[in-house]
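Top line first, the protein sequences correspond to chains X and A.
Under the UniProt record's numbering, think of the first position of the first sequence as 1, with each following residue one higher.
Under the UniProt record's numbering, think of the first position of the second sequence as 1, with each following residue one higher.
Because the hints were derived from the structure by calculation, they are not lab data.
Given the structure is predicted, the values throughout are model-derived calculations rather than measurements.
Glycine included, C-beta positions come from ideal geometry on N, C-alpha and C.
One or more hints might be untrue.
What the hints assert, rightly or not - Which residues of chain A face chain X? A partial, calculated answer using Cβ under 8 Å:
1. S113
2. Q114
3. T207
4. P251
5. E253
6. N300
7. Y302
8. A303
9. M342
Stated by the list, open to error - Here are the computed distance ranges between Cβ atoms for each label pair:
10. N4/X / L331/A: 42 to 48 Å
11. T69/X / D213/A: 34 to 40 Å
12. F225/A / L7/X: 52 to 58 Å
13. N4/X / F225/A: 43 to 49 Å
14. W38/X / S222/A: 48 to 54 Å
15. D12/X / G326/A: 21 to 27 Å
As the list claims (entries may be wrong) - Here are some chain X residues pointing at chain A (derived, C-beta under 10 Å):
16. G9
17. P30
18. T32
19. A33
20. Y43
21. E54
22. W56
23. I67
24. D71
25. T74
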Amino acid sequence: MIINHPLLGPRDSAEFVYLGTADLMNRPDPDTATPEDWHDYAYLRDNPAGTHRELWFHDGGDRSILIVTRDTITHEISAVELALKTRAEA
Amino acid sequence: MRYSGLKVIKEALTGHKGWTPAWRDPEPQPRYDIVIIGGGGHGLATAHYLASVYGEHRVAVIEKGWIGGGNVGRNTTIIRSNYLLDGNEPFYEFSLKLWEGLEQDLNYNAMVSQRGVMNLIHSDAQRDAFIRRGNAMILNGADAEYLDLGQVKKEYPFLNFDDARFPIKGGLAQRRGGTVRHDAVAWGYARAADSRGVDIIQNCEVTGFRIKDGKCLGVETSKGFIGAGRVGCAVAGNSSRLMAKAGMRLPIESHVLQAFVTEGLKPVLPGVITFGAGHFYVSQSDKGGLVFGGDIDGYNSYAQRGNLPVVEDVCESGMAIMPMIGRARLLRMWGGIMDMSMDGSPIIDRTHIEGLYFNGGWCYGGFKATPASGYAFAHMLARDEPHHTAAAYRFDRFRTGHMIDEKGMGNQPNLH
Ligand SMILES: Cc1cc2nc3c(=O)[nH]c(=O)nc-3n(C[C@H](O)[C@H](O)[C@H](O)COP(=O)(O)OP(=O)(O)OC[C@H]3O[C@@H](n4cnc5c(N)ncnc54)[C@H](O)[C@@H]3O)c2cc1C
């Protein structure tokens, strides 16, 4: 798989470490979260067959974390964003 | 029909005209006591033990494709019971004992071959860890044997002992481990269950559950509604997809694992070998091909095929311990979808929906578990309580902090 890095252009996916669903960016608020919220955040996954937004860490590159939108049935990648930028804009 | 040597000779002399199909091809009945979703090894084994041990005969197995087309027919066929943790080892040892009696139980040749599994040791720290593991195995009634360098050399003289990075220092052997003809396991369980009245319904996809007032009444399928007293799900890599139809989110991610087979060779590899410094395992099939594999690809996938970086990694690992493998030509490779759980261990449990039960999270090690998984799931479905060897495989372990994390990796499914 080739990941189109927004800053570095097309890169081999082997340069990256896969971190899992982009939902992991929505960490519960430690002041209000219940143990159940933490359980769901830490252990439960949607795990869809089809479009999946997921985090890839560019370990062998610029060490940015990317949000990759990829089809889990075809492996086709439709969008790549910088996680930092997406979070700043959110 | 009972299979026997005599029957084979008789059929050979009479033109093989007396064989009949190994199982029926029934249309679904409107209602069963127990419906099992998924005609893989685990679903079929569950049906067999429900009928043979727990006296349940109004049972159906519903499979969306053909039985044996999923992971049970895609794996590298290794069986062993060399786990460390108390939650796991008694279960896997129970499974190995069931393998030992499987062919007599099923009257089916599944080619169970206890040719031995050897985990190679590459450092002093690893030797300590493996000896500890061996002791844990022995404490749980399994067999384990520490081999020093000389003993490993005697049994496997062709290994790359003096590799500069990963020299081989010894091995942990489990002599009772080995390989089994994987699709014969599916067929054998199917035939045995069918002979006790279980309906095996192929080409029938479960598309939803009928749930009323918190109780599961049956399943919606491509062949219409099928009513059920209890429903057991055993669909491996498709677990999240199926349980989402019951409104559940699981502690599971689906990942692809690849396997590889070379052209047929004369006997070169007596047992199963695993690399201790990378992830690589290899055995030789009875047809002569070297069957091997390594890591999962590492990203969520429902495609039954992998990518090239892992192919390269697996082949490099093979070359690192067994350079002669480089002379063999690769014949086939394929992928299967693994139900990777959050701690690397499986779940056999009831759900919060009455009458709905779940079996999954087998990661890439569920083939060896097939007999015990079927037995324990049958126990759960028939008695509504966990089998004593599977008592730790509960959904709530992630809530209560009782994870069974053999590798100590935490909630990162692609690292287990
Ligand atoms: C390449 C590879 C190598 C492996 N090597 C080993 C090994 O050496 N040792 C080991 O112990 N384990 C190994 N495994 C793991 C092992 O194969 C699996 O853990 C195990 O087979 C899973 O259980 P199963 O046999 O029931 O799964 P499957 O055979 O996948 O059965 C699940 C079935 O459910 C069906 N299904 C799915 N959704 C539906 C639906 N909606 N309706 C109806 N039916 C449905 C599927 O079609 C499938 O037939 C390996 C796996 C792979 C892919």
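Contradicted hints - numbers only
Result: hints 1, 2, 3, 10, 14, 16, 17, 18, 19, 23 break, sorted rising.
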